[in-house]
Amino acid sequence: MFPFNLNPTGEFFAFFALAVCAITGAVMALSLAKVVHTALSLAFTFVSLAGLFILLGAEFVAFVQVLIYVGAVTILMIFGIMMTKHRDEERERGRPLLETLAAVFCLCLFGILFFAIRSAGFPVPETALPADNTTEIGTLLFTKYAVPFELVSVLLTAAFIGAVALAKREEEPA
Amino acid sequence: MSMLASYLTLAAVLFCIGLYGVLTKRNAVVVLLCIELMLGAVNLNLIAFAKYGVVPSLAGQIFSLFAITVAAAEAAVGIAVLIVLYRSRATVNVDDYDRLGR
Amino acid sequence: MRTVFSQYAWLAPLFPLAAFVVLTTLSRNLKRTGAFIAIVASLASLALSLLIAFERIGTGAEDYSGGFAWLTIGSVTLSAGFEVTNLTALMLVIVSLVAFLVNLYSLGYMRDDERKSVFYAYLSLFACSMLGLVLADNLLLLYIGWELVGVCSFLLIGFWFHKPEARAAAKKAFIVTRVGDLGLLIAILLLFRYMPGHALDFVSLHNVFDSQAGVISTSITTAIALLLFLGAVGKSGQFPLHVWLPDAMEGPTPVSALIHAATMVAAGVFLVARTYDIFEASAVALDTVAYIGAFTALLAATAALKQNDIKRVLAYSTVSQLGYMMLALGSGSWTAAVFHLFTHAFFKALLFLGAGNVIHALHTQDLRQMGGLGRRMKTTAWTFGAGVLALSGVPPLAGFWSKDAVLAAAFERHPLLFAVGIVTACFTALYMARLFILAFWGRPRGDAALAARAKEAPAVMTAPLLVLAALSVAAGFVQTPFGSWLGAWLSGEAIPEQAENVPVMAASAAAGLLGLYLGWLLYGKGAPKGGGAGQTRPWPWLVRLVEREYYLNEAYGYLFVKPLQGLGRALRLFDDAVVGGAGRLAAGAVQALGRLNSRLLSGQLQTYGLAAVIAAVVLMLAIAGRRFW
Numbered sequence: 001m002f003p004f005n006l007n008p009t010g011e012f013f014a015f016f017a018l019a020v021c022a023i024t025g026a027v028m029a030l031s032l033a034k035v036v037h038t039a040l041s042l043a044f045t046f047v048s049l050a051g052l053f054i055l056l057g058a059e060f061v062a063f064v065q066v067l068i069y070v071g072a073v074t075i076l077m078i079f080g081i082m083m084t085k086h087r088d089e090e091r092e093r094g095r096p097l098l099e100t101l102a103a104v105f106c107l108c109l110f111g112i113l114f115f116a117i118r119s120a121g122f123p124v125p126e127t128a129l130p131a132d133n134t135t136e137i138g139t140l141l142f143t144k145y146a147v148p149f150e151l152v153s154v155l156l157t158a159a160f161i162g163a164v165a166l167a168k169r170e171e172e173p174a
Numbered sequence: 001m002s003m004l005a006s007y008l009t010l011a012a013v014l015f016c017i018g019l020y021g022v023l024t025k026r027n028a029v030v031v032l033l034c035i036e037l038m039l040g041a042v043n044l045n046l047i048a049f050a051k052y053g054v055v056p057s058l059a060g061q062i063f064s065l066f067a068i069t070v071a072a073a074e075a076a077v078g079i080a081v082l083i084v085l086y087r088s089r090a091t092v093n094v095d096d097y098d099r100l101g102r
Numbered sequence: 001m002r003t004v005f006s007q008y009a010w011l012a013p014l015f016p017l018a019a020f021v022v023l024t025t026l027s028r029n030l031k032r033t034g035a036f037i038a039i040v041a042s043l044a045s046l047a048l049s050l051l052i053a054f055e056r057i058g059t060g061a062e063d064y065s066g067g068f069a070w071l072t073i074g075s076v077t078l079s080a081g082f083e084v085t086n087l088t089a090l091m092l093v094i095v096s097l098v099a100f101l102v103n104l105y106s107l108g109y110m111r112d113d114e115r116k117s118v119f120y121a122y123l124s125l126f127a128c129s130m131l132g133l134v135l136a137d138n139l140l141l142l143y144i145g146w147e148l149v150g151v152c153s154f155l156l157i158g159f160w161f162h163k164p165e166a167r168a169a170a171k172k173a174f175i176v177t178r179v180g181d182l183g184l185l186i187a188i189l190l191l192f193r194y195m196p197g198h199a200l201d202f203v204s205l206h207n208v209f210d211s212q213a214g215v216i217s218t219s220i221t222t223a224i225a226l227l228l229f230l231g232a233v234g235k236s237g238q239f240p241l242h243v244w245l246p247d248a249m250e251g252p253t254p255v256s257a258l259i260h261a262a263t264m265v266a267a268g269v270f271l272v273a274r275t276y277d278i279f280e281a282s283a284v285a286l287d288t289v290a291y292i293g294a295f296t297a298l299l300a301a302t303a304a305l306k307q308n309d310i311k312r313v314l315a316y317s318t319v320s321q322l323g324y325m326m327l328a329l330g331s332g333s334w335t336a337a338v339f340h341l342f343t344h345a346f347f348k349a350l351l352f353l354g355a356g357n358v359i360h361a362l363h364t365q366d367l368r369q370m371g372g373l374g375r376r377m378k379t380t381a382w383t384f385g386a387g388v389l390a391l392s393g394v395p396p397l398a399g400f401w402s403k404d405a406v407l408a409a410a411f412e413r414h415p416l417l418f419a420v421g422i423v424t425a426c427f428t429a430l431y432m433a434r435l436f437i438l439a440f441w442g443r444p445r446g447d448a449a450l451a452a453r454a455k456e457a458p459a460v461m462t463a464p465l466l467v468l469a470a471l472s473v474a475a476g477f478v479q480t481p482f483g484s485w486l487g488a489w490l491s492g493e494a495i496p497e498q499a500e501n502v503p504v505m506a507a508s509a510a511a512g513l514l515g516l517y518l519g520w521l522l523y524g525k526g527a528p529k530g531g532g533a534g535q536t537r538p539w540p541w542l543v544r545l546v547e548r549e550y551y552l553n554e555a556y557g558y559l560f561v562k563p564l565q566g567l568g569r570a571l572r573l574f575d576d577a578v579v580g581g582a583g584r585l586a587a588g589a590v591q592a593l594g595r596l597n598s599r600l601l602s603g604q605l606q607t608y609g610l611a612a613v614i615a616a617v618v619l620m621l622a623i624a625g626r627r628f629w
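Residue numbers (the working numbering), protein chains in the order written: chain F, 1 to 174; chain U, 1 to 102; chain L, 1 to 629.
The shape of chain F in the complex, shown without the other chains (with noise of 0.2 Å):
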């Protein structure tokens, strides 16, 4: 009945405690009730997916994960709840029908993706990922996928400029 072969690697032991702190900051984060709370459980859960990418051997995607998700995007989440004020403590009106049917749903989802992913199977793979990760991520960045690394950089600019753009404080006529 247990799906899964468990081999005790070390490996393994590794994944899953950092699956168990991934899932719980994930839940933890819709549960608690102060919208900062939901923040920082958040962030807590991105360095848990850093660690399991180190355990998965991308060294260079976890930094980057660390830097840009944990560094940037959640302090930019806190700035947003700290500019906007909600009303933590008023409990609205629950929407029983919306929240019933939404967890059903995303369950299905999730017992049709298990279903697939139990279903598939997965050939050994013959060959192993090359040891210096970011060296290579660096070489084949400037060569094979240069010109998305290029659109990459000039979808960050518009990105930003779009974002002053849209959040600059209209001029009072003078």
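None of these hints come from the bench; they were simulated from the model. Wrong hints could be hidden among the right ones.
As the list claims (entries may be wrong) - Derived Cβ-Cβ restraints for the label pairs, each shown as a range: (1) F:E11 with L:V590: 35 to 41 Å; (2) F:V124 with L:A612: 34 to 40 Å; (3) F:V154 with L:L600: 37 to 43 Å.
As the list claims (entries may be wrong) - The list that follows gives simulated cross-link-like pairs (lysine-lysine, DSBU-like), each with its CA atoms no further than 30 Å apart: (4) U:K25 with F:K34; (5) L:K455 with L:K562; (6) F:K144 with U:K25; (7) L:K171 with L:K306; (8) F:K85 with U:K25; (9) L:K378 with L:K455; (10) L:K163 with L:K455.
Idealized CB from N, CA, C, for every residue including glycine.
Start from chain F and add chains U and L according to the hints.
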């Protein structure tokens, strides 16, 4: 079952939790945060496939780098829009953003 | 000999039809001239009918028929045309003459009515339909005219439609005659099925049933004859479908005179006479006709004894006299029946129009309120008296000769029915005497002031009475046992000189005179108050039974009307619940769908998002689940 399945399952769990948060939470900032969670789960998927997939290569990791970049850009723009909405509506309750329905 | 005017007989129904069309389309503009248009049209028809008839007097006039193929369906051709025989010519004269006189009379009677031109339009339509019925050369066209006269009768009975009694009477007339019409329709269908070549015209009917006996089996012939008779029973008010005629008196009196005395109700007799060969081929049918006719005559005569409405007495009298005609038909002599029809048309129309004068003067129809009118309305009283004598069968007026012909025919075939006929003749004279005495004799019983103001009707209303009275006196001489000219002319065969049946003549005359004498005894001498209410017979229950017309209307109500109304209510409930419910369900479903939709499109993103997730999950399930089916 291999480690790949475990990673994929974990990613699915995180994705669904994020989806539930997007559909249910009333504070717009929390909705944005949950979107980030969903994107993170996707990244986990990509990187797991990069290591344990059919042909392990670094393409998955590079893809996930781009994904993180886009996620950050989206978060920035999202917060900007939220701030503009807050200025005009004085609320971040998602229920009050129903101009589309009128 | 070739006849000239018969070729134009098809014009006779068209004059009144033209009047109808003109009056219907322009009725708002022609208030006064509408009447004249109708009168001119009916005069034209009358002139043509008289020309046709007089040309045909004498022996040897050929029957003329003309027509055209109307519908061709596969191998069957239905034709439409007209046929002028001596019988048809006679009916033409009767219908157009009475129609003309009634049109003239209505000029005075309906002078104050607002919807006068509508009335004349309906009268013209009726005249057109009746003339068309008479001239039809096949049963299908006759049926069309039959139905049309039924419709006109409905329209005219319910002419004063704001009176609920008039509406109810119109409906009753239409529905009861419908029962009879169904019989006629089935007979036509049977004939269509069994006649060689699907021929429905009267010439073919005569050929098949008269000479080629055995082409159609006896049982089918009997069935056809009985069904035809059912149609006649409905239209001519025989038992058990007579209940509509007394109620039809709700219509204006000219209508009663034209339709329910002289012409439409005679259509049943005309139908049987026209298809007489079928009846002659089936003894059962003939006997049925005779017995029902005699029974109806007696039943109606007894019911007329105790009616208090002047028109209802005359209505029952009509039913009774139609019974006489049926008796004659069933006794083998259709010429006697047509002769009686001929004379009855005149004196019954006379009686109705005279009653109309009385009603116009006193504004009441109740006999108990009348009395002493003879002094004030001399012309009406004298002509009415002539009509009473004619109807009672007093020689030498017309009614005597025709009734004698009927009774002579009955005496030969059905002696029992002859006795019934004699008794009925006595009753007839009795109730007519009662009517005359209560209306015109003695002292006024009702509102004295109103009676004092009563005066004779204007000339336009008394002139027709004079014409009809003259005819009631003289028209009988066309057929007497001393020289039966009419019978020979109608049937085209020489009637053998029969010994004048003196006992029969004496009996019928005696019965009439006895009835008149009894009436004078009971109602004239002693001048009882309340119109004979003091004459309580030893059996009050019998009086009540007769007064309520044997409770037949109530019986029909319980037997037919109430179950049908119950069925109607049940069906309506079904319709509301099931059919209406289905409609409401559909509407409600669509509305609910709409409401759901408006909730979905509320403008809230999370609702949209949820909908998208649901859709995505469903889609994934469908695709992933494909391997399972």
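To see whether the hints hold, each was checked on the structure:
Look at E11 (chain F) against V590 (chain L): about 60 Å separates their beta carbons, and that is not inside 35 to 41 Å. Between V124 (chain F) and A612 (chain L), the C-beta spacing of about 37 Å keeps the proposed range 34 to 40 Å intact. Evaluation of the 37 to 43 Å hint for V154 (chain F) and L600 (chain L) yields a pass: the beta carbon distance comes to about 38 Å. This hinted pair checks out: K25 (chain U) and K34 (chain F) have alpha carbons roughly 12 Å apart, not beyond 30 Å.
With a C-alpha separation of about 46 Å, the suggested pairing of K455 (chain L) with K562 (chain L) is violated against the 30 Å cut-off. Between K144 (chain F) and K25 (chain U) the CA atoms are separated by roughly 41 Å; this puts the pair beyond 30 Å, and the hint is violated. The straight-line distance between the Cα atoms of K171 (chain L) and K306 (chain L) is roughly 25 Å, inside the 30 Å bound, and the hint therefore holds. Distance check on the hinted pair: K85 (chain F) and K25 (chain U) sit about 16 Å apart at the alpha-carbon level, within 30 Å; holds.
A threshold of 30 Å between alpha carbons decides the hint, and for K378 (chain L) with K455 (chain L) the separation of about 9 Å falls inside it, so the pair holds. With a CA separation close to 27 Å, the supplied pair K163 (chain L) and K455 (chain L) stays within the 30 Å bound.
Hints 1, 5, 6 from the earlier list are contradicted by this structure; the remaining hints agree with it.
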